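Enquirer: Here is what each chain is made of, one letter per residue.
Number of protein chains: 2
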Amino acid sequence: MLTKEELEEYSAEAIEIYLDHISIDCVVFGFHEGQMKVLMLKSKNEDGWQLPGGFVQKREPIDVAANRILATRTGIDEVFLQQFHVFGAPDRNRQHNEMYADMVAKEKNFFAHRFISIGYYALVDFFDAIPTPDEFSEICTWRDLNDLPPFLLDHELIFTTALDTLRLQLSYQPIGYNLMPKEFTMPELQKLYETILGKKLDRRNFQRRMLGFGILNKLPQTRKGGAHKAPYLYSFDLENYQAALKEGLKSGW
Amino acid sequence: MLTKEELEEYSAEAIEIYLDHISIDCVVFGFHEGQMKVLMLKSKNEDGWQLPGGFVQKREPIDVAANRILATRTGIDEVFLQQFHVFGAPDRNRQHNEMYADMVAKEKNFFAHRFISIGYYALVDFFDAIPTPDEFSEICTWRDLNDLPPFLLDHELIFTTALDTLRLQLSYQPIGYNLMPKEFTMPELQKLYETILGKKLDRRNFQRRMLGFGILNKLPQTRKGGAHKAPYLYSFDLENYQAALKEGLKSGW
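Heads up: the protein sequence lines correspond to chains A and B, in order. Position one of the first sequence corresponds to residue 1 (UniProt numbering), numbered consecutively onward. Position one of the second sequence corresponds to residue 1 (UniProt numbering), numbered consecutively onward.
Incorrect hints may have been included.
Which copy is meant is left open, so a pair is good if it fits within one copy or across any two.
To be verified - Restricting the straight-line Cα-Cα distance to at most 25 Å, the calculated cross-link-like pairs of lysine-lysine (DSS-like) are: (1) K199 - K250; (2) K200 - K250; (3) K182 - K58; (4) K44 - K106; (5) K4 - K44; (6) K200 - K246; (7) K199 - K106; (8) K108 - K246; (9) K58 - K37; (10) K224 - K250; (11) K37 - K106; (12) K4 - K42; (13) K44 - K224; (14) K58 - K108; (15) K200 - K229; (16) K58 - K44; (17) K218 - K246; (18) K229 - K246.
Rather than coming from a laboratory, the hints here were simulated on the basis of the structure. This structure is a prediction, so every number in the text was calculated from the model and none was measured.
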C-alpha cells in the first residue's frame with residue numbers, strides 16, 4: 001500500500017517531468033509454444049489489474065516514451081510497438097481521480113487530471129521479458145488470455161481494442177518475424193495465426209494464401225526426425241516482409 | 001493578418017476552454033465525379049496551408065471534438081471520422097511556438113506549448129460541404145490531390161499518413177457508403193477505388209472480388225439509356241457492410 005507521502009512525492013515529480021493530460025498504455029502480447037498471454041500489473045492500492053503504462057516526458061517523442069515504458073516493464077529494448085487507438089472519454093480515469101483526490105492536495109495532484117491515453121501494442125516472445133512492477137504495483141506478470149483478472153479504469157476496453165486490431169491486421173499485414181524462430185514449418189506459423197484468431201484454420205488454404213503473399217523463403221533443407229514425412233522449413237523474406245508492413249500484403253488491391 | 005491583441009484574446013480564451021497539449025487535425029477527403037480533393041485552410045499570418053484542426057474541450061470526448069471541428073469547417077454533422085495516427089514529435093509545432101512567442105506573453109500563451117495531435121480522416125461528398133475558414137485562416141477550400149499547396153507544421157506528414165492508411169484499409173474494410181449514390185453500377189464503384197489508389201484496376205478482378213465480400217445487393221433493375229448494354233445496379237447491404245467495418249472483409253482469415 002502506498003502512503004499519502006509517497007503518492008505526494010510521485011505526483012510532485014510527475015508534474016516536473018511529464019506533459020499534462022497525456023498517457024500511454026501498452027498491450028503486450030506474449031507468445032510461447034502456442035500460448036498467448038498479456039502483460040499486466042496488480043495495483044498496490046486498488047483491487048484490480050492494469051496494463052503497463054506511463055507518461056510522456058516534456059520533450060520526448062511519443063514513440064520513444066512508449067518504448068521507454070515497455071523497456072522499464074520488461075527489460076526488452078526496441079520492441080516493435082504499434083499505435084492502435086487513442087482513448088479519450090472524459091471519465092476514463094475517474095477511478096484514479098477520486099482515489100488520488102483524497103490523498104494528494106489539488107494543486108500538486110498530477111494524477112487527479114484528465115488523461116487521454118495513446119494505446120500501443122507489441123508482440124514479444126514472453127521468455128525474452130523480465131516482468132518488473134512499477135511503483136504503483138505489487139505484481140507484474142503474464143496473464144493467460146482465457147483467464148484474465150478484473151481490469152481497472154478502461155483497460156479492458158484498451159485490451160479488447162488491441163486484440164481486435166491485431167486480428168484485423170492479420171488480413172493485410174505480415175506478422176511473426178519477432179515471434180517465430182529463424183526457421184519454422186508451415187504448421188508452426190499456422191499455429192501462431194490460430195492462437196491470435198482464437199480459431200482453427202484450414203491447413204491447405206492457409207498454406208496457399210501464406211505462400212501467395214510472397215514473404216516466405218522455402219529453405220532447401222527439411223526438418224529431420226519424427227515419424228512423419230520431414231516437413232519443409234521456411235524463413236521470412238525480410239525485404240518483402242518490410243515492404244508488406246508498409247504497403248499491405250499482396251492480396252490487397 | 002491577426003493582430004497581437006486578437007491573438008492574445010484567442011489564447012486567453014483557449015486556456016479557459018481547452019485541454020493543454022492535445023490537438024486534433026482532420027484530413028477530409030472529398031469525392032465528386034471521379035475527382036479526389038482534400039480540405040485545406042490558408043493561414044492569415046503565415047505563408048502556407050493547414051489541415052482543419054482544433055482542440056479538445058476540458059470535458060469533451062475526443063471523437064466529439066473531432067466532429068465539432070469538422071462540423072464547424074464544413075457544416076456537415078455526423079461525418080464518419082476515423083482516428084488513424086497520433087503525431088507526437090516534440091518539435092512538430094515549433095513554427096507556431098516561435099511565431100506566437102513573439103506576439104503573446106508566455107504565461108497566457110496557449111499556442112506556444114507542445115501539442116500532440118490526434119489525426120482523424122473523413123470521406124465526404126464535397127458538394128455536401130460548405131468550406132468555412134477559422135479565425136486564423138483567410139481561405140478554406142478544396143485542393144486537388146495533384147496540385148497541393150505548401151503545408152505548414154507537419155501537416156504534409158499528417159496528410160500522407162492519412163492517404164496511406166486509407167489505401168491500406170481498402171484491402172480489409174468496406175468503403176463508399178457515404179460517397180456513392182444509393183444505387184450505383186460496378187464501374188462507378190471501381191472508379192472510386194481507382195481514384196483513392198491512384199491507379200487502374202482490372203475490371204473482372206474488381207467485380208469478382210467485390211462481389212466476394214458479400215456487402216453488395218444486386219438490384220433487379222438495370223440502368224436504362226445509353227448505347228451500351230444496360231449495366232446492373234447495386235446498393236450496399238448495410239448489415240453486412242457494418243459487420244465488415246467491424247470485423248474486416250470476408251477475404252480475411
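Enquirer: All the hints need checking, so say for each whether the structure fits it.
Expert: Each hint, compared with the structure:
no., hint, result
1, K199 - K250, "both (23 Å within a copy, 15 Å between copies)"
2, K200 - K250, "both (23 Å within a copy, 16 Å between copies)"
3, K182 - K58, "neither (39 Å within a copy, 49 Å between copies)"
4, K44 - K106, "within (22 Å within a copy, 40 Å between copies)"
5, K4 - K44, "within (13 Å within a copy, 50 Å between copies)"
6, K200 - K246, "between (28 Å within a copy, 21 Å between copies)"
7, K199 - K106, "neither (49 Å within a copy, 57 Å between copies)"
8, K108 - K246, "neither (44 Å within a copy, 42 Å between copies)"
9, K58 - K37, "neither (32 Å within a copy, 36 Å between copies)"
10, K224 - K250, "neither (32 Å within a copy, 37 Å between copies)"
11, K37 - K106, "neither (38 Å within a copy, 48 Å between copies)"
12, K4 - K42, "within (19 Å within a copy, 51 Å between copies)"
13, K44 - K224, "neither (50 Å within a copy, 71 Å between copies)"
14, K58 - K108, "both (17 Å within a copy, 19 Å between copies)"
15, K200 - K229, "within (22 Å within a copy, 45 Å between copies)"
16, K58 - K44, "neither (27 Å within a copy, 29 Å between copies)"
17, K218 - K246, "within (23 Å within a copy, 35 Å between copies)"
18, K229 - K246, "neither (37 Å within a copy, 41 Å between copies)"
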